Amino acid sequence: MRYMMLIHVDPATAPEPDAALMEQMGKVIEEMTKAGVLLDTNGLRPITEATKITQTGGKQTVIDGPFTESKEVVGGYCILQTKSKEEAVEWSARFLAVHGPEWDIEVEIRQIAEPA
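Residue numbers for the sequence shown follow UniProt numbering, beginning at 1 and rising by one.
To be clear, the hints were calculated from the coordinates, so they are not data collected in a lab.
Remember, predicted model here, so these are calculated numbers, not experimental data.
Hints may be right or wrong, so weigh each one.
[Stated by the list, open to error] No farther apart than 25 Å at their CA atoms in a straight line, the calculated lysine-lysine pairs in the DSS-like style are these:
#	residue 1	residue 2
1	Lys-27	Lys-59
2	Lys-52	Lys-71
3	Lys-34	Lys-71
4	Lys-85	Lys-27
5	Lys-27	Lys-71
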């Protein structure tokens, strides 16, 4: 089963990742890769650089950032291949645990719908 881990942060309070955090995350990512669990991962550029497309009544509107500060944004993602949701939760918790107490961070784990 494939799962997407969406990493939510508050851009107003999230610190910049330092070298120590990047090293710890690198170790967890390497461990996930060696276990055959990690299919893809990356951080996302700031919300200020985003483009939004909305559709209402069949009409699309394209709006380029910067956008006003948002309380919560998706700051990154991981795509995992695991045997169960419980395993996806376990790996996600390990990924989250490398962030120190200065981080207010949350992950959302959702199973990817497979073609029928």
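Status of the hints after comparison with the structure:
| no. | hint | result |
| --- | --- | --- |
| 1 | Lys-27 with Lys-59 | violated (46 Å) |
| 2 | Lys-52 with Lys-71 | holds (17 Å) |
| 3 | Lys-34 with Lys-71 | violated (35 Å) |
| 4 | Lys-85 with Lys-27 | holds (22 Å) |
| 5 | Lys-27 with Lys-71 | violated (29 Å) |
In summary, the structure is inconsistent with hints 1, 3, 5 from the numbered list given earlier, while agreeing with the others.
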